[in-house]
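Read in order, the letters of the sequence shown correspond to residues -25 to -1, 1 to 67 in mature numbering (1 follows the signal peptide of the UniProt record, and there is no 0).
Worth flagging that the hints you see were computed from the coordinates, not collected in a lab. Fair warning: this is a prediction, and the values are worked out from it, not measured in the lab. For each residue, glycine too, the CB sits at the ideal point set by N, CA and C. There's no promise every hint is true.
[Claimed, not checked] Pair ranges (Cβ atoms, derived):
1. Ala22 to Ala52: 34 to 40 Å
2. Pro49 to Ala3: 17 to 23 Å
3. Thr31 to Ala1: 39 to 45 Å
4. Pro26 to Ile56: 19 to 25 Å
5. Ala52 to Thr31: 22 to 28 Å
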Amino acid sequence: MLSKLVPAALAAAAAAVVVAPAASAAPAPVFTSYDACQAEGSRQQIAAGGPFSGFTFTCEKTYSVGAGTAGCPPTAADGCIGEYWILRSRNV
């Protein structure tokens, strides 16, 4: 009986993996200062294993963000204009 249940359970699990939609990547974190962006990048790098772990990051300057991002009120219909920093990271 168990030998019949195991293949059926495996088939159901495999079907669930194939049918499930791929998770979309979270948007990159945005900060209102370069220092805050650097601090978060350093924190993530240390958590990944340090400077030789393959984790790298940069802070990219941008001049506008969408509503609800980096201190921009969620009610701002067109987002906010100013200096913001986007944390771009990569783990190879």
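For each hint, the structure was consulted:
no. : hint                       : verdict
1   : Ala22 to Ala52: 34 to 40 Å : 36 Å, holds
2   : Pro49 to Ala3: 17 to 23 Å  : 19 Å, holds
3   : Thr31 to Ala1: 39 to 45 Å  : 18 Å, violated
4   : Pro26 to Ile56: 19 to 25 Å : 35 Å, violated
5   : Ala52 to Thr31: 22 to 28 Å : 36 Å, violated
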